[in-house]
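Novice: Each chain, written out:
Number of protein chains: 2
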Amino acid sequence: MERCRLVFSGSGGQGVITAAIILAEAAVVHENRQAVQSQSYGAAARGGATRGDVIISDEPIDFPKVIQPNILIALTQEAYSKYQNIIRPGGLLITDQHYVTTSRKVDAIQAELPLYDTVMEKIGKPVVFNISMLGALIALRPLVMQSSIEKVLEARFPWEFLALNKIALEVGIEVGSRFA
Amino acid sequence: MERCRLVFSGSGGQGVITAAIILAEAAVVHENRQAVQSQSYGAAARGGATRGDVIISDEPIDFPKVIQPNILIALTQEAYSKYQNIIRPGGLLITDQHYVTTSRKVDAIQAELPLYDTVMEKIGKPVVFNISMLGALIALRPLVMQSSIEKVLEARFPWEFLALNKIALEVGIEVGSRFA
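Here the protein sequences line up with chains W and H, keeping their order.
Note that numbering that gives the first Met the number 0 has the first sequence beginning at 0, numbered continuously upward.
Note that numbering that gives the first Met the number 0 has the second sequence beginning at 0, numbered continuously upward.
Any given hint could be a false lead.
Here's a subset of chain H near chain W, in silico, CB distances under 7 angstroms, partners left out [unchecked claim]:
{"hint": "1", "residue": "VAL27"}
{"hint": "2", "residue": "GLN36"}
{"hint": "3", "residue": "SER37"}
{"hint": "4", "residue": "SER39"}
{"hint": "5", "residue": "PRO63"}
{"hint": "6", "residue": "ASN84"}
{"hint": "7", "residue": "ARG87"}
{"hint": "8", "residue": "PRO88"}
{"hint": "9", "residue": "GLY89"}
Don't read these hints as lab results, they were simulated from the structure.
Ideal Cβ placement from N, Cα and C applies to all residues, glycine included.
All chains, full assembly: derive it from the sequences and hints.
Specialist: Here is the structure:
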């Protein structure tokens with residue numbers, strides 16, 4: 000498989016760093032691949048735009064930061080404005096219709112998903128929005144298998160929250176599949 | 000302040016990545032500094048040795064991975080064996096007496112702390128061991144203020160767990176102070 004360079008961006012409370020870590024763990028622990036995950040905190044972290052980078056590869060990865068992602072996920076208008084110009088030409092840009100309302104054409108496949116609204120309608124808890132985003136992501140690009148993410152969730156969440164997170168993953172896969 | 004390059008290492012369940020993220024957030028969000036935090040997952044992640052890197056600086060940081068840490072924290076024998084040789088000469092090496100029993104002389108200040116045993120004696124819950132390690136760290140090197148870590152804990156943990164985590168931080172500060 001090809002090397003994937005991915006940037007999750009959004010605001011602090013949306014769980015973008017957790018999503019990045021779960022994705023990297025799924026790839027490595029359950030699919031025998033290499034991954035690097037990093038976050039840079041600067042003025043942006045204080046202002047609101049949080050960013051988590053993930054590189055997944057079959058080869059060792061020397062430089063852990065993503066310069067030009069082939070997948071960019073932007074979960075707030077601020078994150079979108081800040082990062083939309085770094086996407087690799089022809090890449091995939093995933094945004095959420097509830098949070099990113101003003102987008103301009105970029106040289107990328109633009110998946111503007113109704114993810115937040117679907118999560119609120121079907122689950123009613125915004126706390127699992129990041130897990131749903133992981134579901135939408137793997138529906139759009141088969142980076143890791145659903146079962147690998149589920150195994151990470153099983154190791155991470157106590158049983159009271161596990162079912163909720165698995166449902167959130169399913170909801171995201173459904174939303175992503177509709178776009179795909 | 001000087002640039003600090005730090006590596007937290009241990010096993011997956013010890014919360015070393017969470018500790019690295021909390022430290023980076025404390026520095027950036029509450030102390031107006033720059034930080035980068037990253038993890039590399041490879042064969043090691045499957046075998047057991049997990050590693051989280053943190054760089055804290057007053058300048059922007061270009062390369063987010065730590066090559067030669069000036070502070071190395073090793074929480075398992077395996078992590079110790081794997082990483083003890085990367086520490087910067089004259090640096091600080093922190094281990095836990097419960098987990099790392101066989102250590103050889105390296106060119107560093109070696110703080111072999113009875114942290115796990117103290118946490119189990121005073122709190123009885125190993126789940127807060129990583130937070131105690133952060134406490135010991137800031138007692139040994141004033142990287143961030145205790146209040147900055149507490150603010151990150153407040154934003155991160157629901158109130159049922161917050162008190163426990165604050166006590167764990169205190170216990171770690173006490174253990175670190177005794178060594179210092």
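Novice: Now tell me if each hint is right for this structure.
Specialist: Now for the hints, and whether the structure bears them out:
1. VAL27: Where the cut-off is 7 angstroms and the nearest Cβ of chain W is about 4 angstroms from H:VAL27, the hint holds.
2. GLN36: holds (5 angstroms)
3. SER37: It holds, given that the least Cβ distance between H:SER37 and chain W is near 3 angstroms, below 7 angstroms.
4. SER39: This interface hint holds because 5 angstroms falls under the 7 angstroms limit.
5. PRO63: holds (5 angstroms)
6. ASN84: violated (19 angstroms)
7. ARG87: Hint on H:ARG87: violated, closest Cβ of chain W at ~20 angstroms, above 7 angstroms.
8. PRO88: At 24 angstroms from the nearest chain W Cβ, H:PRO88 fails the 7 angstroms test, so the hint is violated.
9. GLY89: violated (26 angstroms)
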